[in-house]
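Residue numbers (numbering that gives the first Met the number 0), protein chains in the order written: chain Z, 0 to 382; chain H, 0 to 272.
Each statement offered as a hint is correct.
If you want the footprint, here are the derived chain Z segments under chain H, 3+ residues with CB under 8 Å:
| id | stretch |
| --- | --- |
| 1 | 2 to 11 |
| 2 | 18 to 27 |
| 3 | 39 to 51 |
Chain Z is nowhere near these chain H residues, computed Cβ spacing over 10 Å in every case:
| id | residue |
| --- | --- |
| 4 | PRO242 |
| 5 | GLU261 |
| 6 | LEU266 |
If you're looking for bench data, these hints aren't it; they were derived computationally from the structure.
For every residue, glycine included, the Cβ atom is placed at its ideal position computed from N, Cα and C.
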Amino acid sequence: MHYFLTEEQQMIVDICRQIVEERIKPQRAEMDENCIFPAEIIKEIGKSDLFRLFVPEQYGGMGTGIFEVCLATEELSRGDLSVATTYAASGLGFIPIILLGSEEQKKKYLPQLASGEKLAAFGLTEPEAGSDVGAIRTKAVKDGDFYILNGTKQWITNGGEADIYTVFTMTDPSKGARGASAFIVEKGTKGFDFGKKENKLGIRASATRELIFTDCRVPKENLIAGEGMGFIAAMRTFDQSRPAVGAQAVGVAQAALEEAINYSKVRKQFGASISSLQAIQHMLADMATQIEAARTLVYHAAKVIDSGEKNVSRLSAMSKLFASDVAMKVTTDAVQIFGGYGFMKEYPVEKMMRDAKITQIYEGTNQVQRNIIALDLIKRGVL
Amino acid sequence: MVDIKIIVCIKQVPGTTEIKINPETNTLVREGIETVINPFDTYAIEEGVRLKEKLAPLLSQTGEEIETIALTMGPPQSGEMLKEAIALGIDKAVLLSDRAFAGADTWATALTLAEAIKKFDDWKLIILGKQTLDGDTGQVGPELAQKLNIPFIGYASSILDINKNRMTIKRLMEDRYETFEIRLPAAISVGKDINIPRVPSLRGKLKAKNEAIPVWDKNYLNLDQSQIGLEGSYTQVIKISMPEHHYEVKMLEGSPDHQVDELYGKLKELNIV
Ligand SMILES: Cc1cc2nc3c(=O)[nH]c(=O)nc-3n(C[C@H](O)[C@H](O)[C@H](O)COP(=O)(O)OP(=O)(O)OC[C@H]3O[C@@H](n4cnc5c(N)ncnc54)[C@H](O)[C@@H]3O)c2cc1C
Numbered sequence: 000m001h002y003f004l005t006e007e008q009q010m011i012v013d014i015c016r017q018i019v020e021e022r023i024k025p026q027r028a029e030m031d032e033n034c035i036f037p038a039e040i041i042k043e044i045g046k047s048d049l050f051r052l053f054v055p056e057q058y059g060g061m062g063t064g065i066f067e068v069c070l071a072t073e074e075l076s077r078g079d080l081s082v083a084t085t086y087a088a089s090g091l092g093f094i095p096i097i098l099l100g101s102e103e104q105k106k107k108y109l110p111q112l113a114s115g116e117k118l119a120a121f122g123l124t125e126p127e128a129g130s131d132v133g134a135i136r137t138k139a140v141k142d143g144d145f146y147i148l149n150g151t152k153q154w155i156t157n158g159g160e161a162d163i164y165t166v167f168t169m170t171d172p173s174k175g176a177r178g179a180s181a182f183i184v185e186k187g188t189k190g191f192d193f194g195k196k197e198n199k200l201g202i203r204a205s206a207t208r209e210l211i212f213t214d215c216r217v218p219k220e221n222l223i224a225g226e227g228m229g230f231i232a233a234m235r236t237f238d239q240s241r242p243a244v245g246a247q248a249v250g251v252a253q254a255a256l257e258e259a260i261n262y263s264k265v266r267k268q269f270g271a272s273i274s275s276l277q278a279i280q281h282m283l284a285d286m287a288t289q290i291e292a293a294r295t296l297v298y299h300a301a302k303v304i305d306s307g308e309k310n311v312s313r314l315s316a317m318s319k320l321f322a323s324d325v326a327m328k329v330t331t332d333a334v335q336i337f338g339g340y341g342f343m344k345e346y347p348v349e350k351m352m353r354d355a356k357i358t359q360i361y362e363g364t365n366q367v368q369r370n371i372i373a374l375d376l377i378k379r380g381v382l
Numbered sequence: 000m001v002d003i004k005i006i007v008c009i010k011q012v013p014g015t016t017e018i019k020i021n022p023e024t025n026t027l028v029r030e031g032i033e034t035v036i037n038p039f040d041t042y043a044i045e046e047g048v049r050l051k052e053k054l055a056p057l058l059s060q061t062g063e064e065i066e067t068i069a070l071t072m073g074p075p076q077s078g079e080m081l082k083e084a085i086a087l088g089i090d091k092a093v094l095l096s097d098r099a100f101a102g103a104d105t106w107a108t109a110l111t112l113a114e115a116i117k118k119f120d121d122w123k124l125i126i127l128g129k130q131t132l133d134g135d136t137g138q139v140g141p142e143l144a145q146k147l148n149i150p151f152i153g154y155a156s157s158i159l160d161i162n163k164n165r166m167t168i169k170r171l172m173e174d175r176y177e178t179f180e181i182r183l184p185a186a187i188s189v190g191k192d193i194n195i196p197r198v199p200s201l202r203g204k205l206k207a208k209n210e211a212i213p214v215w216d217k218n219y220l221n222l223d224q225s226q227i228g229l230e231g232s233y234t235q236v237i238k239i240s241m242p243e244h245h246y247e248v249k250m251l252e253g254s255p256d257h258q259v260d261e262l263y264g265k266l267k268e269l270n271i272v
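Make the full structure from the sequences, and use the hints.
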């Protein structure tokens, strides 16, 4: 398939493919089985300039856009969704700084994040606040030149591994969502600790951990865009980042399709390859068609965002929603094509199916995406 | 002003699976064959880039600079390989290319490389792959060092220490490690135990794309036809042919347990286990 990529975009794809073939594929099964965080692979990704794709040129980035981020994320996801999640979650952690950070914050943090020298994380979810982000309870109370943070974040990707955390708190609980504020908190700050590591169904090699704040003093310079801007920062970040979740979904689905095609050609039953059975052929055709539709929507959403268009919530949500549902369907069908072998850990498709599930859940469940799409339709009409 | 130059000598070779011999001419078929950087040379490139990354911050404290240069002698299309080296982090590249260089053996190759290296000033270290996949001699490194009258250590497996004047290197021999301290300038050859080569970077690839690679010919190097190419070579490959393989294949039959027992018995018989 031809996606009319520029030479630079093709280079991004080629670099990611080489990382996938040489570094990720040989290790992914073991990383999954033993929950090994892919530290070396992430370093390699950093050295290859892939974190620079998120960042404007003047802060050490490549000056590229969400489309390039999606290309990289998709290719990495073909190798392993844990690696792609780690990569994308770091981006998620620093998008609020890119969108709303002060000049000083950008100068201080973005170059280190762009080079991959430091990883970032995005801390929003809490035990009592999942889809209902307005229910967060982590508090930030001003005390002179500092804010004092108290509370616990749950299931934070890159927790413990990242150096720089965007943390969402309540500075004025009486105002609800309008009382939320985002802070940059560095690992090693006194009063900032990590809780339990999760044992997960999928993306097992990615780090998912609690962030615990106990009278943690954060300098007031680390407040992003002023008090009360936390909710806006989170929503605007998701508008930019959701197509990359779509790209993760497209990548893992593509990998499952490739495995299914290859297997169907070598598996013989009733004296012939199962690829000669129309039942299998039609599954493959549907899988490929759905992936192509998902990819087109993801690329389109990314390009619309890169064009500078303001109202991107609907399209962004659609790309994440559609692609992740496709990924779940396609990876499940890939296991089906493998039959009992697909259920076994000797083959990679069962892992792809376990991994794909998360794309329907994080950065807003697919039910929440539908809410966003519907609200936007009702508010702004179809166009 | 660059104060330290590291020169990495590399060669373009046919991809491993692609080696074919023309039965008429008894030479390697080179047309339409996918080429790669000689695999051992990828470790040389990586080591050069790592040394620069390590030394550059130290040298900058005293206002000094370090540069890595990739050098190859080969046909014009080797320029593409030099661009790959730049994508991997090498600063500059030079291609030695002239019809007159064709047919060179290791002696004439080393001489040509040596003359090119003399054109640079302040070079401190030459890094080569320990051998090529196609020629397989491992001779160019030592011959080059001899022509430049500098120390040579082959098969380096790690650089323990380096400054502007000396380096300490370790190498693995069959039954022992050897550690050397040598004066710079020097040449070393490396194999796959020294590092894991990186994947190219996007900025490297973009830089490589726009890089114009200088081509130096025999006149630029002031070389006489009698010293280079086929004429300057003491050896000449007159025939290449494929060895005949005598493989004996025995398929084991029966239950997996039985097959394992039989295989184990066979390996024992052959003193392999
Ligand atoms: C592996 C992993 C990594 C994660 N990484 C991060 C991270 O890096 N940073 C971070 O902040 N968070 C992270 N999360 C949290 C993730 O974003 C939340 O799990 C997600 O937003 C859903 O919240 P919840 O799990 O509390 O589900 P709930 O909100 O409790 O939802 C339960 C069910 O109710 C449905 N539901 C809830 N509200 C509505 C509604 N209004 N309309 C319709 N249906 C609704 C949901 O769709 C879901 O089916 C991660 C989670 C996981 C599992």
